[in-house]
Amino acid sequence: MLTETVSGKKMIILLSTFMLGSTIILGGSTVLGQDSWVSVITGALWAFPIVIIYARIVQLYPNKNIYEICLDLFGNFFGKVIIFLFSWYALHLGALVLRNFSEFIQISSKTETPQIIVLLSMMVVIFYLVKSGIKTMGRWSLIVFWVICLVVIISFIFSHTGADNFDNLLPFLNHTPGEFLIDSFYLFSFPYAEVVLFLTFFNSLQRGESPYKVFLYALFITMIILLVVAIRNITLLGPEMLKISFFPSYVATRLINVGKFLTKIEGIVMINFILLGITKTAVCLLATCKGITHLFDLKDYKAIAIPISFFMVALAMIVYPNVIEMLEFAERGYYCVYASLFQVIIPLLIWIVAEIKNKKIIELKTTIHKVH
Amino acid sequence: MGIFNKNKFNKKLENSIKEFNNDLSKYKLSKKIDENLKLLKSIFKNNENLKIRKIVNSSNPKIFCYIVFMNGMIDPKIINDNIIKSFSTENLKGKKNIFDTVLTETMQVNELKKSEDVRQIVEAIASGDTVLLLDKEKKVIILNTRGYDYRSISEPESEKILAGPREGFTESLIVNISLLQRKFRTPQLKTKYMGIGKTTNTNVCVCYIESVVNKDVLNEVFRRLKKIDIDAVLDSNYLLELIDDKNYSPFARVHTSERPDVIVGKLLEGRVAILVDGTPVVLTVPLLFIENFQSPEDYYLRADYSSIARIIRIIGFFLTICTPAFYVAVESFHQEMIPTALFINMAIEREGAPLPTSLEIIVMLIIFELLKETGIRMPTKVGDALSIVGALVIGQAAVEAELVAAPMLIVVGITGISSLLVPKLNSSVIIYRFLILTFTIFLGFLGFILGLSIMIINILNQKSFGVSQVERMESWNPQDIKDQIIRRGWRNMVKRPGYLTNNEIRQGKNR
Numbered sequence: 001m002l003t004e005t006v007s008g009k010k011m012i013i014l015l016s017t018f019m020l021g022s023t024i025i026l027g028g029s030t031v032l033g034q035d036s037w038v039s040v041i042t043g044a045l046w047a048f049p050i051v052i053i054y055a056r057i058v059q060l061y062p063n064k065n066i067y068e069i070c071l072d073l074f075g076n077f078f079g080k081v082i083i084f085l086f087s088w089y090a091l092h093l094g095a096l097v098l099r100n101f102s103e104f105i106q107i108s109s110k111t112e113t114p115q116i117i118v119l120l121s122m123m124v125v126i127f128y129l130v131k132s133g134i135k136t137m138g139r140w141s142l143i144v145f146w147v148i149c150l151v152v153i154i155s156f157i158f159s160h161t162g163a164d165n166f167d168n169l170l171p172f173l174n175h176t177p178g179e180f181l182i183d184s185f186y187l188f189s190f191p192y193a194e195v196v197l198f199l200t201f202f203n204s205l206q207r208g209e210s211p212y213k214v215f216l217y218a219l220f221i222t223m224i225i226l227l228v229v230a231i232r233n234i235t236l237l238g239p240e241m242l243k244i245s246f247f248p249s250y251v252a253t254r255l256i257n258v259g260k261f262l263t264k265i266e267g268i269v270m271i272n273f274i275l276l277g278i279t280k281t282a283v284c285l286l287a288t289c290k291g292i293t294h295l296f297d298l299k300d301y302k303a304i305a306i307p308i309s310f311f312m313v314a315l316a317m318i319v320y321p322n323v324i325e326m327l328e329f330a331e332r333g334y335y336c337v338y339a340s341l342f343q344v345i346i347p348l349l350i351w352i353v354a355e356i357k358n359k360k361i362i363e364l365k366t367t368i369h370k371v372h
Numbered sequence: 001m002g003i004f005n006k007n008k009f010n011k012k013l014e015n016s017i018k019e020f021n022n023d024l025s026k027y028k029l030s031k032k033i034d035e036n037l038k039l040l041k042s043i044f045k046n047n048e049n050l051k052i053r054k055i056v057n058s059s060n061p062k063i064f065c066y067i068v069f070m071n072g073m074i075d076p077k078i079i080n081d082n083i084i085k086s087f088s089t090e091n092l093k094g095k096k097n098i099f100d101t102v103l104t105e106t107m108q109v110n111e112l113k114k115s116e117d118v119r120q121i122v123e124a125i126a127s128g129d130t131v132l133l134l135d136k137e138k139k140v141i142i143l144n145t146r147g148y149d150y151r152s153i154s155e156p157e158s159e160k161i162l163a164g165p166r167e168g169f170t171e172s173l174i175v176n177i178s179l180l181q182r183k184f185r186t187p188q189l190k191t192k193y194m195g196i197g198k199t200t201n202t203n204v205c206v207c208y209i210e211s212v213v214n215k216d217v218l219n220e221v222f223r224r225l226k227k228i229d230i231d232a233v234l235d236s237n238y239l240l241e242l243i244d245d246k247n248y249s250p251f252a253r254v255h256t257s258e259r260p261d262v263i264v265g266k267l268l269e270g271r272v273a274i275l276v277d278g279t280p281v282v283l284t285v286p287l288l289f290i291e292n293f294q295s296p297e298d299y300y301l302r303a304d305y306s307s308i309a310r311i312i313r314i315i316g317f318f319l320t321i322c323t324p325a326f327y328v329a330v331e332s333f334h335q336e337m338i339p340t341a342l343f344i345n346m347a348i349e350r351e352g353a354p355l356p357t358s359l360e361i362i363v364m365l366i367i368f369e370l371l372k373e374t375g376i377r378m379p380t381k382v383g384d385a386l387s388i389v390g391a392l393v394i395g396q397a398a399v400e401a402e403l404v405a406a407p408m409l410i411v412v413g414i415t416g417i418s419s420l421l422v423p424k425l426n427s428s429v430i431i432y433r434f435l436i437l438t439f440t441i442f443l444g445f446l447g448f449i450l451g452l453s454i455m456i457i458n459i460l461n462q463k464s465f466g467v468s469q470v471e472r473m474e475s476w477n478p479q480d481i482k483d484q485i486i487r488r489g490w491r492n493m494v495k496r497p498g499y500l501t502n503n504e505i506r507q508g509k510n511r
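As you go down the protein sequences, you meet chains H and P in turn.
Letter by letter, the first sequence follows residues 1 to 372 of the working numbering.
Letter by letter, the second sequence follows residues 1 to 511 of the working numbering.
A portion of the hints provided could be inaccurate.
In silico PhoX-like links for lysine-lysine, alpha-carbon gap of 25 Å or less [as the list claims (entries may be wrong)]: (1) K302(H) with K28(P); (2) K372(P) with K160(P); (3) K135(H) with K463(P); (4) K215(P) with K135(H); (5) K463(P) with K302(H); (6) K131(H) with K463(P).
Worth flagging that the hints you see were computed from the coordinates, not collected in a lab.
Using the sequences and the hints, build the whole thing.
Below, the structure is given as structure tokens:
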């Protein structure tokens with residue numbers, strides 16, 4: 001199969017837009033109030049080693065995606081079990097993200113529109129993006145990235161027109177280390193370690209680009225943007241408001257008021273959310289499609305993209321009964337535990353087995369060399 | 001109609017095509033001149049344009065020849081002076097090989113060749129050449145006597161500019177090629193001819209510059225042109241549709257122009273031009289998306305000014321697509337985004353309007369398209385009257401009668417005016433304007449963003465002859481983006497766009 005390649009720069013941007021994804025709506029973790037920006041950094045520190053492991057897996061098998069690696073390492077049966085689990089994770093994550101967005105849209109503007117309409121119309125765009133292939137997705141993410149940067153910077157600058165209050169950041173570090181630890185693990189599993197899905201098509205990276213560089217740069221860029229967003233939200237809303245609002249970024253930008261002309265610019269901020277939602281779900285859909293392709297030994301993922309995208313919409317409809325449960329699923333840490341299976345345990349397993357096998361191959365080669 | 005019938009039909013068609021093609025190749029010339037004449041007459045049966053004339057040599061009345069030509073396609077002066085006169089006065093008495101003597105000495109025509117192939121002979125006659133038949137010869141001489149009238153070179157109406165050359169292509173392929181060739185006083189310009197169309201056998205010329213063309217694109221062009229199996233080619237648009245990538249996207253993937261300077265500029269960047277006989281419109285491939293916003297004038301005016309013009313065109317492109325949808329989104333979904341005083345004003349304006357905003361804007365846009373379409377097809381004077389009627393009736397009267405809200409007219413006006421900035425994107429602009437509008441009517445701002453996203457993905461996704469239309473738009477390398485959204489001065493454009501050519505260096509440093 002002819003695979004399209006993506007340059008390292010675009011891959012970095014695609015990774016960052018994916019990670020920013022729904023976090024930019026939900027505003028990361030808000031449990032710590034004025035200290036929530038700290039966990040943006042500590043979460044990234046947590047993510048550092050696991051991301052290195054992802055990059056190592058890619059480096060060991062530069063021409064294969066994680067599904068092919070699984071088939072290689074664990075044989076047909078166990079390999080396919082892992083493929084199934086992984087594609088399920090991609091599908092489920094896609095559905096969760098979609099639901100986040102439709103829930104956000106229903107609460108923020110379209111209170112009477114049925115969510116299925118919003119979901120289906122978003123899916124049209126997502127499906128088109130996935131069908132266009134990874135190269136187009138890379139270009140698309142570049143545009144999305146610049147739009148986000150622009151909106152974040154503008155809203156950050158405009159927030160300094162009286163509405164913000166830097167005293168909201170005080171008292172500084174007013175939580176126990178245990179709280180920080182738990183909160184940063186929450187951030188680790190919610191945006192950062194979700195990049196594990198990129199292992200499903202990381203073989204599309206252009207030859208000669210270092211996977212370490214891609215992963216680490218993306219982590220860094222995401223951390224910076226999330227930090228800016230977190231500080232903006234805290235200074236605008238204050239710790240108490242931050243804790244009770246469903247979508248802090250949206251509520252925060254609502255407070256921005258420049259003169260008498262530029263008011264209520266949260267509609268502009270909505271652009272961010274929609275674009276990021278499309279990008280993140282598209283990555284999930286691509287990962288699912290590739291997984292199903294390998295599960296049933298199909299030739300091209302584009303042929304099954306339509307049924308899977310419908311399935312994702314259906315799953316998004318039934319995945320939560322209401323928005324409170326959606327937030328609890330994330331906030332109570334169920335998601336962290338559930339996701340750690342796919343984000344930590346399976347990649348660790350693959351990495352260890354891959355390293356052992358690789359060593360054996362190298363030993364075998366050297367012994368053959370010696371015999372000759 | 002089942003599959004079987006279709007297959008049968010295809011077979012029938014194939015057979016008739018084969019017959020048509022074999023028809024000519026099964027004939028052979030004979031040694032007897034009468035039989036050859038009879039053959040030509042039977043091939044051109046019922047065509048009274050075909051003229052046959054016998055010429056007798058004055059030195060020896062036994063030596064004679066026939067000339068066959070198509071009336072109206074030839075230059076009579078050449079036939080009279082250089083063929084008839086020379087043959088009848090030449091002393092052919094005692095010459096051993098009359099055919100070779102006639103070929104090399106007697107005929108005073110710039111281009112001539114001998115031929116035995118009936119198909120070639122018939123093609124030559126049909127395209128205005130004269131065929132000379134001699135007795136006891138199994139071959140004939142084809143003489144170039146083409147000459148017919150064509151429109152003189154003038155500035156193309158559709159691409160008028162203020163500065164720069166004013167010549168435009170005509171309907172004659174030879175003249176068009178000469179317009180290109182006279183800009184190169186080097187052997188760099190290459191031309192390859194081929195005939196396309198089974199009935200018309202239209203002359204098509206592929207032009208490129210050997211040292212800069214991208215060989216992959218060139219091969220792809222030839223591959224696609226050779227695959228064409230069509231009855232007639234009357235305009236370059238026939239070819240455009242047939243060599244285009246199979247794609248439902250409304251954006252163009254082939255560039256068209258009537259200006260030689262534009263085509264030469266494209267050739268010099270490594271593109272391939274396709275000229276078709278009988279039309280002034282020339283195609284170049286591949287097309288980058290930014291070319292839709294480039295005007296030939298950009299290169300004849302100051303670089304900074306043309307950069308500003310280009311940015312304005314890009315803004316116009318987005319304005320003409322987004323304005324109606326954005327208005328609907330703000331007016332009927334997100335009133336909170338409008339300052340309160342303005343919103344009250346707008347509400348007062350809208351009070352008497354019978355239609356909801358979404359329906360109103362669709363009706364107004366359709367009326368605008370109607371006016372535009374009739375205005376284009378009308379003679380100039382009627383067109384002027386039409387625009388007055390449009391402005392008065394649709395504009396003032398509708399607002400005064402409170403049929404339409406006044407802000408709506410401003411929106412439609414902005415949409416209409418800015419659509420004229422990007423004439424090359426006209427069709428795609430209309431399609432996407434209505435698509436985004438439909439999304440917006442149902443979903444408000446969300447739909448607006450979703451519709452716009454579809455358009456952007458479509459642009460990012462497009463390929464023209466294997467080259468992505470937005471190739472290196474995102475690059476940080478200054479040489480890649482010097483002629484994209486902004487045009488730098490010629491001092492700075494040292495390299496050609498690298499993805500179009502094999503030879504990147506355009507010029508020296510000029511410092």
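Provide an ascending list of the numbers of those earlier hints which the structure does not satisfy. Hint check: 1 fails alone, others pass.
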